Amino acid sequence: MAGDAGHGDSPFNIHPMDQFEVHPLFGDGPVQWYSLTNATLWMLLTVGAISLLMVVATSGRALIPNRGQSSAEVLFGFTRKMVEDVAGKEGAKYFPYILTLFLFILFSNLLALIPTSFAPTSHIAVTAVLAIAVFVTVTVVGFVKNGPHFLELFWVSSAPTVALRIVLAVIEVISYFVRPVSHSIRLGGNMMAGHAVLKVFAGFAGALGVGAIIPIFAIVAIYGLELLVACIQAYVFAILTCVYLNDALHPGH
Amino acid sequence: MEKDTFSERLKALEDRISAAKTSREPASVTGAQDKFTKGSLAWRMVTELVAGMLLGLSIGYGLDSLFGTLPVFLVLFCLLGFAAGVRTMIRTAEQVRKGESEAARLANAPATKAAPPENGGAGTPPRAEDRKATGADGPGKD
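Protein chains in written order, with numbering that gives the first Met the number 0: chain Y, 0 to 252; chain D, 0 to 141.
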């Protein structure tokens, strides 16, 4: 973009991380909390695409669904089944939240695959907020459902001595906090790595002249892989939310 | 009168759909999903291990910079974090094993052939009701 003129000499003019830069849409001052950035734009587009599919496409409520309605129904039914399978009947209450998470991540991952678009889920800031929201929800649900007994999750009463129990309690507490961290790193890392790899291969194609045909085929293959990763990561995020929810609803397993 | 035959036909169609679904579902679903879940499972365990260590490391470093005792808590919590990571990973593995034995039990027992239709049945009636309710203004395709 603006900096391209600066780094010119080498034929390998590859800047794989430039695509993750957040910059304001209007003007080019520093990014404030209120400035509309490309991240804002693509998150809004994500929400718009979801509304288009889940609200507008199904608004006909046709007996014989058209294409849009049946895809919406498939997504809905798929998530519903997943929630009921993993979190049980009690977990079905939290289905709207999980469907929202799943659709948001899925659509923002898929929209990020459009060339020159921006991937909000490749930023750890976005995925960490999603993961912390899940973490807080699950913890609150655990305390509301089980009261103080929820803390017994951290106290291994089968250990022989109190000193050992204290050490184990520290380990258990850390491992409880591992979940939001791994939850967010997994999604953000996957998306960022995939997009960076695509950009690196695109850079090779730019440098190789006629030989560019090889990296172009590689890009096609990686693009397919990224399509898979985008869907799987959304699925994994949603199913792990169900697993954590299930742990909070039935502690002591 | 007209409505009655309509809902009857709908019911017959619903039955035929669920029969067709149960006859072809098992093979197609598990094959594709298995590969995905295996791959994402490995990835999940790795991140849990790494996240445990990172968390222990940062807690230790934070405590050390708070008390000014640099290597002590760092070392201690690094080990604790590693233990926590392994703990989480093992729990994940346990969960998977439990799920797998459950799936195997379901697949082996011939009596559970009734399970998928029952499952589908639980999901479809509300939708059928929904369709019936809104069926009046549906497209006049039939």
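Errors might be hidden in some of the hints.
[Stated by the list, open to error] Distance condition first, Cα-Cα at most 25 Å in a straight line; then the derived SDA-like pairs of lysine to any residue:
| hint | chain 1 | residue 1 | chain 2 | residue 2 |
| --- | --- | --- | --- | --- |
| 1 | D | 20 | Y | 61 |
| 2 | D | 20 | Y | 83 |
| 3 | D | 97 | Y | 47 |
| 4 | Y | 88 | D | 96 |
| 5 | Y | 88 | D | 42 |
| 6 | D | 10 | Y | 77 |
| 7 | Y | 88 | D | 93 |
| 8 | Y | 80 | D | 75 |
| 9 | D | 37 | Y | 196 |
| 10 | D | 20 | Y | 206 |
| 11 | D | 97 | Y | 196 |
| 12 | D | 37 | Y | 77 |
| 13 | D | 20 | Y | 67 |
| 14 | D | 20 | Y | 109 |
| 15 | D | 37 | Y | 167 |
| 16 | D | 20 | Y | 87 |
| 17 | Y | 198 | D | 70 |
| 18 | D | 37 | Y | 227 |
| 19 | D | 37 | Y | 222 |
Honestly, the hints are just simulated from the structure, not real lab data.
Fair warning: this is a prediction, and the values are worked out from it, not measured in the lab.
Each hint, compared with the structure:
no.	hint	result
1	D/20 / Y/61	22 Å, holds
2	D/20 / Y/83	19 Å, holds
3	D/97 / Y/47	40 Å, violated
4	Y/88 / D/96	22 Å, holds
5	Y/88 / D/42	28 Å, violated
6	D/10 / Y/77	23 Å, holds
7	Y/88 / D/93	22 Å, holds
8	Y/80 / D/75	43 Å, violated
9	D/37 / Y/196	23 Å, holds
10	D/20 / Y/206	52 Å, violated
11	D/97 / Y/196	36 Å, violated
12	D/37 / Y/77	19 Å, holds
13	D/20 / Y/67	21 Å, holds
14	D/20 / Y/109	29 Å, violated
15	D/37 / Y/167	30 Å, violated
16	D/20 / Y/87	23 Å, holds
17	Y/198 / D/70	40 Å, violated
18	D/37 / Y/227	14 Å, holds
19	D/37 / Y/222	21 Å, holds
Hints 3, 5, 8, 10, 11, 14, 15, 17 from the earlier list are contradicted by this structure; the remaining hints agree with it.
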